[in-house]
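Here the sequence shown stands for residues 147 to 954, where the numbers follow the working numbering.
Careful: at least some of the hints might be erroneous.
[Unchecked claim] Taking CB as the label site, the calculated pair distances span:
no. : residue 1 : residue 2 : range
1   : N349      : T195      : 53 to 59 Å
2   : E573      : Y526      : 16 to 22 Å
3   : A394      : P656      : 40 to 46 Å
No lab work stands behind these hints, which were simulated from the structure alone.
All residues carry an ideal CB built from backbone N, CA and C; glycine is no exception.
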Amino acid sequence: MTGKKKMQKMRQRIMWSILFVIGFTLAAFAQSTGTVGTQTNTHNTIRLTPKEKAFLRKHPVITAHNEADFPPYNFIEGGKPQGYSIDYLNMLAKRLGIKVKYISGYTWAEFIKMAREGKIDVMLNIMRTPKREKFLNFTQPYAGTKKAIFTNSANIRTLRDLEGKTVSVIEGYFMQHFLEAYYPGIKLKLEKDAKSCLSSVKNGSSDATAGSSDIMRYLMKKNKLYLAYGHLIDDRRLSLDLNMATPASMTILRDVLQKAMYSISKKELNALKEKWLGAREPKIPVTGTLTDEERAYVRQKKEVKMCIDPDWEPIEFAETTYKFITKGISTDTMNVIGKELNITFTGVPTDNWSQSQQFLKEKKCDILPAAAKTKKREAYARFTYPYLDYKLAIITQANKGFVGSLMDIIDKPIAIKKGSALIPKLEKLYPAVSIVEANDTLETFTMVADGKANATITTLPVASHFINKYDLHSLGIAGYTDMRLRLSIAVRDDDPLLLSVLDKALATIPPEQHKLIYDRWVGAQAAAPYNYRNILYAAGIFLALVLLGLYRQYLLKQANKGLESAVKYKTEENLKQQQLLQEQSKLAAMGEMIGAIAHQWRQPLNALGLSIQNLEYDYEDGKIDEAFIKRYVKKNKETIKFMSQTIDDFRDFFKVDKTKEHFSAKSAVEETVSIQDASLRKNHIAVEIRGEDFTIYGYRSEFQQVILNILTNAAYALKKSGAANPLIEIILQKHQIVIRDNAGGIDEQIIGRIFEPYFTTKDQGEGTGIGLYMSKMIIEENMKGRLYVENKQGVGASFVIDLDRGEQ
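Could you put together the complete structure from these sequences and hints?
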């Protein structure tokens, strides 16, 4: 039987399966409409086995752990169990017709011991680990948490900063095991609960604590245990799920809880989330993070004198028409702090930035609100943590063209304002730099416009403001440096309390507040049109190179015309071989897709089966009413719609494209990943898609076949490697798609052969060896792009689809 006929038969079988499920469901529904019961028992809407029903009759009351302070999930308030997890379990218990007795008064470690010994039935909010799986049965996740570091030290922001320091964590919690495994250099101080962890940092016994962000913030506000700094931990291993778990001897309880979880509607879940998780994290007041000494200082310190750069719009500047008034991003930020601390920030008049620095040195002012840290300034000032961070742009005359890096212009005059922190930094990094000092910011731009300097270096907000305000559109952004300008508050060196207070105050300003201030002063100016000239100029150069390449290709074609007849026969033979390989590749991809559909359908088919069987029981008991019928129809329609969509995706994926089309690269990638989603989740493989979308012109299904081939190979490599946290990253960037894994890389001895036909490293029966070969043919022959691999031994492989000169 040919491959085509086999495929037709398989399609027929799949369609008959769908029709059977739909028909059976509708028939059962039609039968149920003849009887309407007078009451509804939610317990009967969950299909339980006789053994499960007997278990519930024998255990009408189950026990679950109730913590003292794990808000908003599981805690005690007014002597009663409260929280998201408590309400969720109560909802499940009501559906199962049982009650819950909550056990409190124990530490987490004691609760774990009780669960191991079978002395408690349900651990209500617990993270799944291999160690715990040895003595607990876990349900699927029902909620998730993010971890954060909380401290009073401005120098602690990441887990790496905690090396050698003491960190308080709850004994037996996941965070303890995580830090022991991955950060052995951190000294752990084990506490009984989250409140004790916060107290340990507050009284100086620990340098920091790490735990769930929402829980810690809730407890800080409730118990007035404020810590100055809170930073989310940027580690995907710590964005973890909460599950329920039962002792190993009570698998049957886990099963009935899981069935009850399936019965919870999206509407009910949303209501629960709105109740407990809908509100934003409580804002920590600045005064709450201060020590007694700092509070006394703030009460006495009614005014802070500040010296600014008077002509550095929009970051900071002064209006002097009637009196000296400070304005800009830094002034607005100081005003936010002043409002929180009940302190007035007053501007001290100065003529220029150099004088402002001299005034701070002479103690004529208390702070410089926006200053970069330099060795020279550290002689008379101390600095908060940077609160403004900008890329530094290279500004030249618009007709000068693109500047790849500072090295391209380092020997030409660069205009920089006197006293700028950039001067010593540039002189250190580039000893041969040619700097021309200007009296003010405007002069740096006019020197470039007049040809007295080749370029100036500044932040994007400043460049946008001055070019637009003074109509300097002969200038443009020629490129960016690899440096950044990080601005802090510089505080006079004899006032450590002011430094500490301002550092803590900055830490409590939320990112949204910083963005509002930035948008007020910069707004749409950052998108000023002058920057596009260089882009168009670079595009023109690129187009010229492409045309030269095409012209060279034309000459080669002309030279090779005489050889065409000699190779015609061989070409036809190769074409036949190519078509055969393409058909085999298509069938191999079909096999992958059918496997994916099997994974996608397993849960909804089980749900439909349970629903249909349950309907039969309810019908026999005469307990079906109109409300039940509506819920039943709606739920099953959603399930069938999901299954139907899966088949539509399968059909669209393998339809024969007759014409090329414009399609979204990101959409095509996401659709391919979604089809493989169940299989990937089964193998605990995470997929991250990020980057900017772009349009491709070509055959969509062929492109998706390439993505599927590379994705499947990456998943196989990850399974074989045993990576602790298997991850596939798909990055879209400037007409490129990069598919990267962390499976350890490809053996250097075989990497040169991976695109050969019939070459495979998979076990016998698991691979054909034609997927990557056909992928390369599709990208390079059909789409005129490039497909290649970048390999990092011991890290992973990156497959790059480059359509820069292809079908986009």
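Comparing the hints with the structure gives:
1. N349 / T195: 53 to 59 Å: Since the Cβ atoms of N349 and T195 sit about 54 Å apart, the hinted range of 53 to 59 Å holds.
2. E573 / Y526: 16 to 22 Å: Cβ of E573 to Cβ of Y526: about 21 Å, so the range 16 to 22 Å holds.
3. A394 / P656: 40 to 46 Å: 45 Å, holds
Comparing the model with each numbered hint stated earlier shows that all of them hold.
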